[in-house]
Amino acid sequence: MHAPERPAAPPASPASVATQAAVDVRRASVVYPSADAPVHALSDIDLTIAQGEFVSLIGPSGCGKTTLLRVIADLEPITSGQVLVNGLTPHDARLARAYGYVFQAPALFPWRTVLANVMLPLQIQGRDKAAAEAIAREQLGRVGLTGFERKYPWQLSGGMQQRVSIARALGFEPKILMMDEPFGALDEITRDGLNDQLQQLWQRERRTVVFVTHSIAEAVYLSTRIVVMSPRPGRILKIIHSTLPDARTLDMRDTPEFMALAHEVREGLADGHGGH
Amino acid sequence: MAAPLTFSQRWLPVATVLLAVLALWYAGAIGLNRAGAVERVLPNSHPNGDWTVSDLVSVTLNMERPVLPAPHQVAADLYSSTVDWPLDSPRNLLFHAAVTAQSTLVGFVLGTLLGVVLAAAIVHSRTLDRALLPWIVASQTVPVLAIAPIVLVILGSLGFSGVAPKATIAMYLCFFPVTVAMVQGLRAPQRIETELMHTYAASKLQAFWLLRLPSALPYLFPSLRVAIAAGLVGAMVAELPTGAQAGLGARLLTGSYYGNTVGIWSALVLSALLGLALTLAVAALERLVLRRGNAA
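Chains A and B, in that order, are what the protein sequence lines are. Its first residue numbered 1, the first sequence is counted upward by one per residue in our numbering. Its first residue numbered 1, the second sequence is counted upward by one per residue in our numbering.
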């Protein structure tokens with residue numbers, strides 16, 4: 001097995017030296033046993049994500065981007081290596097409610113109203129009902145869903161449902177937001193709108209975001225750093241630092257700078273397929 | 001969703017079947033009672049043997065102890081036995097229906113609780129899944145008619161009498177459909193929903209209460225409708241071996257002792273109505289609980 005191209009460590013900005021890394025992955029591997037040869041879902045992953053970063057994991061299916069996210073979220077165990085989230089093991093970080101997780105599907109409970117769905121994590125944490133309701137209303141307002149509190153999930157469009165699930169993930173103010181292709185099932189127009197909202201949300205609150213996607217435009221538009229991954233074995237090919245200013249608008253997608261970044265990502269993905 | 005049925009769309013088929021059943025019933029009553037009428041009744045009223053067919057028909061439909069009583073006889077008996085006596089009189093059929101309904105409902109509630117608890121234990125423990133499920137299935141292959149006297153004797157020797165033994169047998173029939181449906185229902189949450197609760201670090205109890213139980217409700221209610229009907233059967237069977245003085249089952253038994261076929265039939269019709277009422281009550285409960293939006 002040839003050694004994967006080891007990505008350079010991110011340049012230490014003054015902020016990230018002072019504070020603890022939000023996510024620290026060291027030589028992490030995930031191997032699934034199988035009948036013929038073991039499957040290396042993740043092989044020797046090294047990745048450090050500083051507080052307040054917006055990091056996208058991009059790559060073709062089977063590259064382990066979702067597995068990496070699930071490992072960080074304690075939804076899957078690692079075979080070897082080390083993963084720290086806010087300095088804790090993923091298990092302890094999960095118990096400490098360090099992160100909010102947005103799945104590919106909204107996963108709203110159909111028997112609960114929109115408001116009650118957003119209140120769910122707060123209820124589990126044993127918050128006072130009135131406080132939980134106030135928080136939920138505020139979060140729904142932030143994703144532009146004021147007035148839909150009493151609706152049931154099936155009365156909402158797919159894009160609105162996913163916004164509810166984002167509001168639900170943010171309600172308990174997690175330091176880290178993990179998103180697994182949250183807009184993958186939506187049409188492009190809806191997706192653009194939600195990307196814009198997510199951008200503004202990150203601008204406002206500067207939470208650490210780990211974002212899995214298979215859309216180059218989405219990754220470039222949203223991220224401060226783009227992690228390009230490749231399958232068989234699942235590994236990191238390249239880490240691209242965004243040169244775009246932090247505050248972004250959808251118009252920027254037509255600038256040469258944006259195009260150049262997108263090109264770089266596309267080339268990185270092509271490398272993984274043995275192209276040029 | 002289909003448009004609500006109009007009155008005639010809803011009731012016309014039911015009325016047609018009812019008429020057909022009544023016609024068959026009358027025809028059957030004439031046919032089955034004919035021999036008895038010719039042998040026992042007509043010789044008294046017409047000593048010369050000069051009775052006509054219409055005499056025969058009117059006699060077969062109004063005999064005192066017919067093989068098959070005619071619908072109007074049953075209706076008249078039902079009416080007189082529910083109206084002519086005070087409600088707390090053992091001669092009032094409604095009194096017996098209430099006795100049976102009581103043990104059915106107590107057994108139903110206990111059986112539902114037992115069913116839910118067993119299902120919860122089974123879905124939370126692989127060991128219990130393997131250990132309990134075969135026994136639960138086997139329990140239902142034992143005929144309730146054989147179990148009932150044993151339960152009555154044992155509970156009687158422990159000092160339980162009245163409702164308790166009958167409710168126990170009703171419970172014995174009730175819990176099974178509930179357990180089976182709830183095992184399926186509690187396992188209904190999708191992986192993504194379970195993982196969502198996992199990311200919230202929800203306790204097992206919270207996951208049960210907030211996810212598993214609500215997911216299982218659409219499975220629970222159909223099983224409750226089966227359970228309450230089974231519970232009614234259990235309660236009535238339990239009334240037989242005691243030679244119980246009260247209950248619809250007891251009425252069926254005394255009716256057959258004394259050849260009171262009309263009494264048997266009115267008890268039978270009333271138990272059918274009771275079963276219908278109980279099932280409708282469960283359906284109403286279901287609508288009340290699930291009304292809150294679970295239409296997805």
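Bear in mind the hints are in silico, worked out from the structure with no lab data behind them. This structure is a prediction, so every number in the text was calculated from the model and none was measured. Just so it is clear, CB atoms sit at the ideal spot from N, CA and C, and this is done for glycine as well. Check the hints yourself; a few may be wrong.
To be verified - Pairs of lysine-lysine, DSSO-like flavour, derived with a Cα cap of 30 Å:
#1 Lys-204(B) - Lys-151(A)
#2 Lys-129(A) - Lys-204(B)
#3 Lys-238(A) - Lys-151(A)
#4 Lys-129(A) - Lys-175(A)
#5 Lys-175(A) - Lys-151(A)
#6 Lys-175(A) - Lys-204(B)
#7 Lys-129(A) - Lys-151(A)
Claimed, not checked - Simulated restraints on C-beta separations:
#8 Arg-150(A) - Val-153(B): 25 to 31 Å
#9 Phe-160(B) - Arg-150(A): 34 to 40 Å
#10 Ser-80(A) - Ser-125(B): 20 to 26 Å
Claimed, not checked - Counterexamples of contact, computed for chain A against chain B with all Cβ distances above 10 Å:
#11 Arg-27
#12 Asp-74
#13 Leu-75
#14 Gly-81
#15 Arg-94
#16 Gln-104
#17 Ala-105
#18 Glu-138
#19 Ala-185
#20 Ser-242
#21 Glu-257
#22 Glu-267
#23 Asp-271
Here is how each hint holds up against the structure:
1. Between Lys-204(B) and Lys-151(A), the direct Cα distance comes to roughly 28 Å. Compliance with the 30 Å bound is thereby established for this hinted pair.
2. With a C-alpha separation of about 21 Å, the suggested pairing of Lys-129(A) with Lys-204(B) holds against the 30 Å cut-off.
3. Taking the CA atoms of Lys-238(A) and Lys-151(A), the gap is near 44 Å; set against the 30 Å cutoff, the hint is violated.
4. A hinted pair counts as satisfied when its Cα atoms are at most 30 Å apart, and Lys-129(A) with Lys-175(A) qualifies at roughly 22 Å.
5. The straight-line distance between the Cα atoms of Lys-175(A) and Lys-151(A) is roughly 29 Å, inside the 30 Å bound, and the hint therefore holds.
6. About 25 Å separates the Cα atoms of Lys-175(A) and Lys-204(B), which keeps this hinted pair within 30 Å; it holds.
7. Proximity of Lys-129(A) to Lys-151(A) is assessed by CA-CA distance (about 19 Å); at most 30 Å being required, the pair is judged to hold.
8. Judged by the Cβ atoms, the range 25 to 31 Å given for Arg-150(A) and Val-153(B) is violated: they are separated by roughly 57 Å.
9. Restraint check, Phe-160(B) to Arg-150(A): a C-beta distance of roughly 50 Å breaks the suggested window 34 to 40 Å.
10. For the pair Ser-80(A) and Ser-125(B), the supplied restraint of 20 to 26 Å is violated, since their beta-carbon distance comes to about 32 Å.
11. No Cβ of chain B approaches the Cβ of Arg-27(A) within 10 Å, the least distance being about 25 Å, so the stated non-interface status holds.
12. The claim that Asp-74(A) lies off the interface is violated: its Cβ sits roughly 8 Å from the closest Cβ of chain B, which falls inside the 10 Å cut-off.
13. Not every beta carbon of chain B lies more than 10 Å from that of Leu-75(A), the smallest distance being close to 6 Å; the non-interface claim is violated.
14. With 10 Å as the threshold on Cβ separation, the claim that Gly-81(A) sits away from chain B holds: the shortest Cβ distance comes to roughly 21 Å.
15. In this structure Arg-94(A) is not separated from chain B by more than 10 Å, as the shortest Cβ-Cβ distance comes to only about 6 Å.
16. Non-interface status of Gln-104(A) relative to chain B is broken: a Cβ of that chain comes within 10 Å, the nearest being about 8 Å off.
17. Look at Ala-105(A): its CB is around 6 Å from the nearest CB on chain B, not clear of 10 Å, so calling it non-interface is violated.
18. With a least beta-carbon separation of about 19 Å from chain B, Glu-138(A) lies farther than 10 Å from that chain, consistent with its non-interface assignment.
19. With 10 Å as the threshold on Cβ separation, the claim that Ala-185(A) sits away from chain B holds: the shortest Cβ distance comes to roughly 12 Å.
20. Consistency note on Ser-242(A): stated as away from chain B, and its beta-carbon is indeed over 10 Å from all of that chain's, at 28 Å minimum.
21. Against the 10 Å criterion, Glu-257(A) stays outside the reach of chain B, whose nearest CB is about 36 Å from its own CB.
22. Look at Glu-267(A): its CB is around 34 Å from the nearest CB on chain B, clear of 10 Å, so calling it non-interface holds up.
23. Separation of Asp-271(A) from chain B is adequate, the least Cβ-Cβ distance of about 33 Å exceeding the 10 Å criterion.
In terms of the numbered hints stated before, the structure departs from hints 3, 8, 9, 10, 12, 13, 15, 16 and 17, listed from lowest to highest.
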